Amino acid sequence: MPHLHIEEFKQIAFPSSHNEVAFNFIAKNANAKDEELISVTVEEEDFFLLVKREEGRNLLKTDKLTRPASIYNVHRALSAYAELAGLKILASNVLSGAKNEHLEKVTALKKIEYFAENFPRDREVRIEVGFGSGRHLLHQAANNPDILFIGIEIHRPSIEQVLKQIAIQELDNLLVLDYDARLFMELVPSNIVGKIYVHFPVPWDKKPHRRVISTTFIEESRRILKVDGRLELRTDSENYYAYSYETFIAFNKTILHINKNKDIAVVSKYEDRWRKMEKNIYDVTMINEEESEALRIEGNFEFSTKQPDFEKLLALHKTTERFEGGFIHFERVYRLDDGVMLRISMGSFDRPEHLYVIIKEGGISYYPELPLKSRSNLKAHQELDRIFNG
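Going by the numbering used here, the first residue of the sequence shown is number 1, and it counts up by one from there.
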């Protein structure tokens, strides 16, 4: 990710702007003097730059929780702040000049709000979770022009490589999302997806709760799949295969196809390597045979609190509130010039959402955007509002 190593961090006056980049406010970690966050707006994208103070030099980079869809806008924000503040740069991987011509014209990269506000329904949808190099995803999109493909990935270099190929191949049926696939599934309408591909997911043998395949993920897959739609798992991990098989077969009624070392039309570079090493490849395909009820999620993310107790909020640092089916963990607390900001994780235990909450006199808001409208997040929001009112 782009970053600057600087000799000394210098704070500007807020709000300010430079080279069409707006610097809105600064948030200072209430429990660690070596960390600050700078609110930035570039081309209607809101995110934070992170300042980390170290002995002898300081680091300025993007905050992972709020990183924007356009990595080019991160480069712009870092460069603009360095110029405006007159920072002495010791080392940098920030690019100068125009955006890559392929990334300039591609519109395939979407934010979660695009899908939450008006999910595409005009044709069959297929979803690939963790597309990596993108070989399989690009091949499928090129060979099925009447189907809409949605590729989900959190590795930025992989995303940018696929975006370049979308532009080069002029594909208009492929959208890309940088988001947690487990959360994304909760907003997909019922009965519209033809296939879900989960090819070579991280096994997470030491942290099984982070695995993509889970009882909840399978339940959501069954809901969004059309009748005869398929969830395709492909893995080189025998442990993951065994775990997934047991998870699938635990359902009262299910149809599974199992294959070992099956040949497919296109394989990843990693699969090429594993085949040369004579590693086994396992395929588990679940076929959906039932139509599901329409998705209905009711509620909102409004706060009822009007007079927050700032001292009480500062004391929430590193505390956790648990409720039936979920939790809220207060990871960090920040001081603002006119209020307090909390960094929290909330929702269900196996697919929590991470975000910020800004609390000022007369108003509370999420930053930079509202949580995903899921049942678990709405329930967590109600608990958060109760805590603020307590």
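A portion of the hints provided could be inaccurate.
[What the hints assert, rightly or not] In the BS3-like style, the derived pairs of lysine-lysine whose C-alpha atoms are separated by at most 27 Å in a straight line are:
| no. | residue 1 | residue 2 |
| --- | --- | --- |
| 1 | 279 | 262 |
| 2 | 207 | 269 |
| 3 | 33 | 110 |
| 4 | 306 | 253 |
| 5 | 262 | 33 |
| 6 | 318 | 276 |
| 7 | 260 | 306 |
| 8 | 312 | 360 |
| 9 | 110 | 88 |
| 10 | 269 | 318 |
| 11 | 306 | 269 |
| 12 | 373 | 111 |
| 13 | 64 | 195 |
| 14 | 379 | 360 |
| 15 | 226 | 207 |
| 16 | 195 | 110 |
| 17 | 52 | 262 |
| 18 | 111 | 64 |
| 19 | 195 | 279 |
| 20 | 10 | 110 |
| 21 | 260 | 276 |
| 22 | 33 | 312 |
| 23 | 28 | 318 |
| 24 | 195 | 373 |
| 25 | 262 | 28 |
| 26 | 88 | 195 |
Source of the hints: derived by calculation from the structure; they are not laboratory data. It should be emphasised that the depicted structure is a prediction, and the values quoted were computed from it without experimental measurement.
Hints and how they fare:
no.: 1; hint: 279 <-> 262; in the structure: holds (12 Å)
no.: 2; hint: 207 <-> 269; in the structure: holds (26 Å)
no.: 3; hint: 33 <-> 110; in the structure: violated (35 Å)
no.: 4; hint: 306 <-> 253; in the structure: violated (49 Å)
no.: 5; hint: 262 <-> 33; in the structure: violated (55 Å)
no.: 6; hint: 318 <-> 276; in the structure: violated (48 Å)
no.: 7; hint: 260 <-> 306; in the structure: violated (60 Å)
no.: 8; hint: 312 <-> 360; in the structure: holds (13 Å)
no.: 9; hint: 110 <-> 88; in the structure: violated (35 Å)
no.: 10; hint: 269 <-> 318; in the structure: violated (42 Å)
no.: 11; hint: 306 <-> 269; in the structure: violated (55 Å)
no.: 12; hint: 373 <-> 111; in the structure: holds (14 Å)
no.: 13; hint: 64 <-> 195; in the structure: violated (30 Å)
no.: 14; hint: 379 <-> 360; in the structure: holds (23 Å)
no.: 15; hint: 226 <-> 207; in the structure: violated (31 Å)
no.: 16; hint: 195 <-> 110; in the structure: holds (20 Å)
no.: 17; hint: 52 <-> 262; in the structure: violated (48 Å)
no.: 18; hint: 111 <-> 64; in the structure: holds (15 Å)
no.: 19; hint: 195 <-> 279; in the structure: holds (26 Å)
no.: 20; hint: 10 <-> 110; in the structure: violated (34 Å)
no.: 21; hint: 260 <-> 276; in the structure: holds (16 Å)
no.: 22; hint: 33 <-> 312; in the structure: holds (20 Å)
no.: 23; hint: 28 <-> 318; in the structure: holds (16 Å)
no.: 24; hint: 195 <-> 373; in the structure: holds (23 Å)
no.: 25; hint: 262 <-> 28; in the structure: violated (54 Å)
no.: 26; hint: 88 <-> 195; in the structure: violated (51 Å)
Of the hints listed earlier, those the structure fails to meet are numbers 3, 4, 5, 6, 7, 9, 10, 11, 13, 15, 17, 20, 25, 26, in rising order.
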